[in-house]
Amino acid sequence: DAKTTQPPSMDCAEGRAANLPCNHSTISGNEYVYWYRQIHSQGPQYIIHGLKNNETNEMASLIITEDRKSSTLILPHATLRDTAVYYCIVGLRGGSQGNLIFGKGTKLSVKP
Amino acid sequence: NAGVTQTPKFRILKIGQSMTLQCTQDMNHNYMYWYRQDPGMGLKLIYYSVGAGITDKGEVPNGYNVSRSTTEDFPLRLELAAPSQTSVYFCASSYLTGTGSSPLHFGNGTRLTVT
Numbered sequence: 001d002a003k004t005t006q007p008p009s010m011d012c013a014e015g016r017a018a019n020l021p022c023n024h025s026t027i028s029g030n031e032y033v034y035w036y037r038q039i040h041s042q043g044p045q046y047i048i049h050g051l052k053n054n055e056t057n058e059m060a061s062l063i064i065t066e067d068r069k070s071s072t073l074i075l076p077h078a079t080l081r082d083t084a085v086y087y088c089i090v091g092l093r094g095g096s097q098g099n100l101i102f103g104k105g106t107k108l109s110v111k112p
Numbered sequence: 113n114a115g116v117t118q119t120p121k122f123r124i125l126k127i128g129q130s131m132t133l134q135c136t137q138d139m140n141h142n143y144m145y146w147y148r149q150d151p152g153m154g155l156k157l158i159y160y161s162v163g164a165g166i167t168d169k170g171e172v173p174n175g176y177n178v179s180r181s182t183t184e185d186f187p188l189r190l191e192l193a194a195p196s197q198t199s200v201y202f203c204a205s206s207y208l209t210g211t212g213s214s215p216l217h218f219g220n221g222t223r224l225t226v227t
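So the protein lines, in turn, are chains A and B.
At position 89 of the first sequence (counting the first as 1) the number is 89 in this note's numbering, and the numbers step up by one without a gap.
At position 19 of the second sequence (counting the first as 1) the number is 131 in this note's numbering, and the numbers step up by one without a gap.
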């Protein structure tokens with residue numbers, strides 16, 4: 001069973017920030033939060049990950065609550081090409097990453 | 113770098129036929145994985161490998177076999193194709209560093225239909 005809960009779908013206007021929530025209330029102290037996305041018919045693409053501090057890279061920002069039970073992925077200026085399924089995953093960083101469980105994710109639709 | 117390359121992109125099999133899905137990576141990653149994704153669902157891990165000569169079962173290994181004779185290649189074999197194996201198959205790779213694993217790098221998938 002997936003360790004995370006995400007809304008099945010969200011809409012966002014082009015040029016606005018897209019805020020994708022994720023609940024992971026059973027996360028362990030040594031588990032990271034990972035975000036991937038899958039654009040239609042392509043393989044999933046890594047976006048960002050974090051442990052407890054907020055993280056930012058060229059693609060997105062990750063905000064993790066102080067109790068680590070939830071997080072939000074922020075795409076600051078969504079474009080039509082950001083339309084995809086976004087997966088929030090928790091797992092250990094050491095060893096095989098194959099234990100990461102990809103659930104159904106959130107289907108983000110960016111509209112003009 | 114080409115990253116993770118999967119062939120073929122599409123294939124139609126008859127029930128009982130066999131085939132090999134090819135996966136190769138040029139990033140010198142030690143970990144490689146095979147996933148399947150059914151329509152509207154997430155990914156399920158079939159098999160994975162932590163290095164050449166070492167493979168292990170994932171969540172849904174039945175009906176599949178793998179081998180890892182080189183670091184670069186990780187083929188997935190279907191011996192007796194069944195309609196339940198109709199799916200999109202993704203290969204992925206990652207490497208282990210001193211502080212943990214890199215993120216997963218995925219290929220663009222093989223769409224398999226068994227009729």
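Because the hints were derived from the structure by calculation, they are not lab data.
It is possible that part of the hints are untrue.
[Said to hold, decoys possible] Each pair of labels, with its calculated beta carbon distance range:
hint: 1; chain 1: B; residue 1: Ser196; chain 2: A; residue 2: Asn23; range: 29 to 35 angstroms
hint: 2; chain 1: A; residue 1: Ser25; chain 2: B; residue 2: Asp150; range: 38 to 44 angstroms
hint: 3; chain 1: A; residue 1: Thr56; chain 2: B; residue 2: Ala194; range: 32 to 38 angstroms
hint: 4; chain 1: B; residue 1: Gln129; chain 2: A; residue 2: Asn53; range: 48 to 54 angstroms
hint: 5; chain 1: A; residue 1: Ser25; chain 2: B; residue 2: Gly152; range: 39 to 45 angstroms
Note that the coordinates shown come from a computational prediction; the quantities given were computed from them, not determined experimentally.
For each residue, glycine too, the CB sits at the ideal point set by N, CA and C.
So, going through the hints one by one against the coordinates:
| no. | hint | verdict |
| --- | --- | --- |
| 1 | Ser196(B) with Asn23(A): 29 to 35 angstroms | holds, 32 angstroms |
| 2 | Ser25(A) with Asp150(B): 38 to 44 angstroms | violated, 27 angstroms |
| 3 | Thr56(A) with Ala194(B): 32 to 38 angstroms | violated, 46 angstroms |
| 4 | Gln129(B) with Asn53(A): 48 to 54 angstroms | holds, 51 angstroms |
| 5 | Ser25(A) with Gly152(B): 39 to 45 angstroms | violated, 25 angstroms |
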